[in-house]
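Chains as they are written, first to last, in the numbering used here: chain A, 1 to 163; chain B, 1 to 425; chain C, 1 to 724.
Simulated from the structure, these hints should not be mistaken for laboratory data. Any given hint might turn out to be false.
[Claimed, not checked] Partial pick of chain A residues on the chain C-facing surface, computed with a CB cut under 10 Å:
| hint | residue |
| --- | --- |
| 1 | P39 |
| 2 | S52 |
| 3 | V56 |
Only a predicted model underlies this, so the values are computations on that prediction, with no experimental measurement involved. Note that beta-carbon positions come from the ideal geometry of N, C-alpha and C, so glycine has one too.
Listed below, chain by chain, are the residues.
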Amino acid sequence: MTEALRHQCEAIKRAYPDADSALIPILHALQDAYGSITPEAVEDAAQLMNLSPAQVEGVTSFYTLFHRQPHGRFHLQVCDNLSCRLRGSDQLLAHLAERWHLEPGAPSRDGLFSLERVECLAACGYAPAAQINLRYYYRLTPEKADRLLAELEDGKEASGERV
Amino acid sequence: MSECRVLLANADVEGIERLPVYEAHGGYRTLRKGLTEMTAADVAKEVLDSGLRGRGGAGFPTGRKWSFLPNDGRPRILVCNADEGEPGTFKDHYLIHRLPHLLLEGMILSAYAIGAGRAFIYLRGEFLQGYELLEAAMAEAHEAGYLGEHILGTDYSLDLCLYRGAGAYICGEETALLDSLEGKRGIPRMKPPFPATAGLYGLPTVVNNVETLAAVVPIVAEGAQWYRTMGTEKSPGTKIYSMSGCLERPGNYEFPMGTPLSELIEAAGGLLPGRRFKAVVPGGASAAYLTGDHIDIAMDYDSLAAAGTMLGSGGVIVLDDSVCIVSFTERAIEFFRHESCGKCSPCREGTLWMSQVLGRLERGEGSEADLDLLLDLTDNIAGRTFCAFGDAAVAMVASSVRMFRDEYLEHFAQQGCPLEKERVG
Amino acid sequence: MINLTVDGREVEVEPGTLVIEAAKKLGIDIPIFCYHPRMKPVAACRMCLVAIEKMGKLQPACATQVADGMVVYTQRADVKKAQAGVLEFLLAQHPLDCPICDKGGECPLQDQAFAYGPGATRFSEPKRHLHKAWPLGPRILLDQERCVQCQRCTRFMEEIVGDPALVLKQRGAETVVDVAEGRALNSPFAGNTIEMCPVGALTSRPYRFRARPWDVVAVSSVCPHCPVGCNLTVTNRDGHLLRVLSRENEAVDQGWLCDRGRFGYGFLTDPARITAPLVRRHGELQEASWEEALAAARAGLAGRIGILGGGRLSLEAQHLLSRLRDQHDGAVADWRVGGQHTAVAPAAQGHIADLDEAAWVLFLESDPQTETPVAWLRLRQNVVHGRGARVVALGPRIAPGLPASQVLYRPGEGARVLAAALNGQGEEALVAALATEEHLAVLWNGKDPALYAVLADLAGRRSGRTSILVTGAEGNGFGAEAMGLTPRAGEGGVDRLLGQAAAGELDGLFLAGADPLRQAPDGRLAEAALSGECFVVVADVTMSPAASLADVVLPLAAFAEADGTLVNMEGRAQAFEPSATAAGQSQADWLVMAGLLEETVTLDEVRAAALARLAAFKPAAPGAQDWQEAAVVRIPTLYYRGVTPEPHLVSMEPARVVEVAPATARDFQVSDGEEVLVADGETELAVRVTVTDSVVPGCLVLGDWPGSNRVGAGARLVVRERSV
Ligand SMILES: Cc1cc2nc3c(=O)[nH]c(=O)nc-3n(C[C@H](O)[C@H](O)[C@H](O)COP(=O)(O)O)c2cc1C
Ligand code: SF4
Ligand code: FES
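Same shape as in the complex, but just chain A (with noise of 0.2 Å):
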């Protein structure tokens, strides 16, 4: 673990009055420095809360935002669910497939971008709803999809959008 790091993680143990609140948190911080919830990251956030590792462990397994596998640089979390099936989620996943050979869960194609099929992300009203590294992207039909990758591709940043 970096100094920074190390600070970072010891300043959200003070914002929260009952330590151990602090882990997920703690976990947050550990996986966007790490990219995943790697070992070090398990051992880290042992160490740092007096847990042992495999309750650190039990923890991650259990909250879908906690990955293994690293992510691509710009990971999709399409939504799925009800609302947005009804309004063309299924269409939008297999244009992704198509155009973009974005598969759920498969690694990433050279590390920029990667694919989860998730849960309702709370935008059924205006679906299909999706997030890029948790930015919001509303009403998602493949044109659009189609020019957001690109832009992404061609180094802009995933800044989500306002509902």
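Dock chains B and C with the ligands against the given chain A, drawing on the hints supplied.
Then chains B and C with the ligands, alone, in the frame of chain A:
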């Protein structure tokens, strides 16, 4: 009938997420009134009298929930449940991203009312943008003296913490939320003790939904009597209905409680051209289906309960005649299978089993006996699980078999989905 | 008191009682999986759902507290349907591989499926596939497909042991029990999870596929490995010991075992087992008949003789051994080969169950987690979940395990520190512990003779209740002391006898189930003693290093192959029965002693005599020894290997470490983790340094592995020269 915007009155104002704009539209005036002109008990009384019912799903009267806090001198905690994940529900998402200061104002007032010196906002992990917006809003509120030590120069201080979950629907259940907030796997806790007596870190805790807390602002501003002029006797006030699915203009619409379903659908632009109404899921994926017979049902807690379903969190998913009930229900149970925490056997094994059976039925593999099996499985889950998740998981399944038996039979007869065949062929 | 009705019958119970316990009081059995009476309920499996009047839904009997006037139904149709429903769910994904499952025949899931199950399965989907035969650690395998997620094992590790190394991972239908990636479950208590598992998910690696429950015979036994004396059920087939299970005794073990007790039976089939009497002929040990060997032993044990050992023998053998000593003029006997001073409390003899109630606990130079594991586990429940006893740990080395106030002092200073504290001087927590009116338990390792009198004084002076328990002795040390196997006034102890043997002043030495080479604090003295002119007779189970130097070797049956009685640390006599056929020609220890005495006795006769003697026993300070352990202290261990490593306990053997205080490390210029030599001019031992605040400066604390007793006072740490 047109919308009745109370919470969402200023939702479309440009820049309303910033403090100066929010203040220019009356923001934090109610907080000042509450803290400087009213005692905590006055504020609590106003909320109790307003008859406000919790918007998180169960509809429990908020003022009564607050009154359960024991008077034993222990520090109290307010937790805002912003884990919104119920399929079909997206009102908290909207409130947080559009009106972060309204949520803060409602929380500070509520924390004051219940005597909490510490509060948490538990945001679902995916709300990273919301987290940043709230973080910025909290900084502004601190700066302006609305938050922190000696709010508005009074004796009241509030330490508010923002917290991001990490992806688990069950953390919306209030006790699982508390475990998650304590850095654990989000598993529901045994009740009793209820959070009011032993909640976060064993301290007396109130958990309220985002919309519930936001509604406290207009209630304190305009008074309980005014609030009761809207909605029904038993479900007063307005409700933000999340309208989604096969609609022309899906979105959040605020109406008085008890507004007929047909009016909500109309407000949302009606059905798509050429389509016929088939069914509605009126309260998120945890609610049972309603068919066309109920197109004019009053959308409030009691009317929907009487019809065998529920208002829940107000996520209204409209289905037209292009939708296959079997495949739609299968998708719902797939969600519940994925989100079961796994603690208790009926839920863990039952949701897996139901999703396996429905997957098969959707492919047209099965027989009528499977429908009886499905219904019996839902019987063995409902009321038997550790938390209310089990009841939620079976509602759509059981009602789909009861209301759309023919559609299942059609799948067996055609060994596949008739609508799918129509679409492809 | 609360009155309620279960199935139409009234019952009165304490407030706070769970419905399941109230029903049990009426003899009504409610089926369960996750509930365990010694752990907090989780109400996860839902097997125990019952109907309660005025409650809308069925309620879990395992987690619902009784209320006055409550009306409970356990047999109603809705309850029956719920039970069948839950079982159907649990069995749906279950592999149903009972024919090849170790649990088959003694499986609660199997039994309940018969009693409450739905009959035919309606489940026709593909079953989930998870890890099978997944090694959690050296002694336990997990079959994740069989697991019903009752969390008994994970809760046991966290709640009871306080070592959350086993957890639930994933969620929903993917939930599995597992250890952390790349780690092993190596807790000394982990074996209990095998017995707690209500299905065949957790199984014993040594027992795997060895037998089926219906072709084994179960025998009551007692664990010989430490002075707790946990009660055992030993199962055998065709005279072979197959496994060891707990046999709950509320007063002693509460149904728990440590892994030494559960898995430490490999020595029965050790290739080094002595299977025939041996006599040294032409400088070589050769097989002989019992008559010949006994005659040779009797002939050799003449003149000035010493008798060492006995702390591991049965009470019956100890009684006969002391008679043997009495028959020999001038013979001196001492069981305390390992440097123990006593196994019996000087006063206020405590009971293990006192550990539940004590408000204060003193760890007096004691490491109870290692010396008496199950007693420690019991104490832990008090500290963590019970009345919250405060622990004060004293000594040159403070053992890890429980939160404690620490008082460190140099070896030998204990009596002074304790006496001062009795007079109100010294560390605050220690003074408070001694002064309190509340119940104080003292766990003493029983080594430093100077502490004997101070403890007697302490017990007399305190007004509150005192319970003293000695943790450091061998399994039957109490019995040995009660049978008088200690030097009498004016006689020297083990150290003097070894010195005499080394100096050629002793004619015969009888090692009764003891190996001074391995056990004595001064291993080099022991070696000198055994390699001298003295005639040495060894009675033992395996061919120890001492036995291989002997003139006569008498093979003893191991605990599970013989009968006898063991007396535990609280003075409780517990009988054990044979469950396996004795190896080769080996014989029960008491029979061998009778043979040496040339007497024909029955077990009942000897037992009656021994028990009468035990009943009349009054503790008295045993004769002193003058061991010098000033600079080197050894970490006690329950897990040292015999001659051959216990295959399943290797991972628990003491590490080759030396623990030192930071100041000591600085003095010797060594650092944590470094490989060094412990050297005293004569011997060098290669070890790794552990720097810790739990050791007093100036003291070297060595792991107790074979050979670590070969360095003595004046030992230093030297950095190993790296070879080219
Ligand atoms: C499975 C499950 C999921 C839930 N999810 C949410 C949620 O996402 N947001 C929410 O506010 N309440 C949710 N609830 C309801 C909460 O448990 C709790 O009743 C609510 O937060 C209380 O707030 P209220 O009184 O303001 O409605 C959920 C309940 C269950 C059983
Ligand atoms: S392994 Fe056994 S004890 Fe552990 S959760 Fe599974 S069934 Fe229960
Ligand atoms: S024994 Fe009660 S729920 Fe498991």
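field: Hint check, A:S52 versus chain C [nearest Cβ-Cβ separation less than 10 Å]
entry: Result: holds, 5 Å to nearest chain C Cβ.
task: Grab the minimum C-beta distance from A:P39 to chain C and call the hint holds if it beats 10 Å, violated otherwise.
output: Status holds, d = 7 Å.
- prompt: Does A:V56 meet its interface restraint, that is, does its C-beta lie within less than 10 Å of any C-beta in chain C?
  reply: holds, 8 Å
Checked against the numbered hints listed earlier, the structure breaks none of them; every hint is satisfied.
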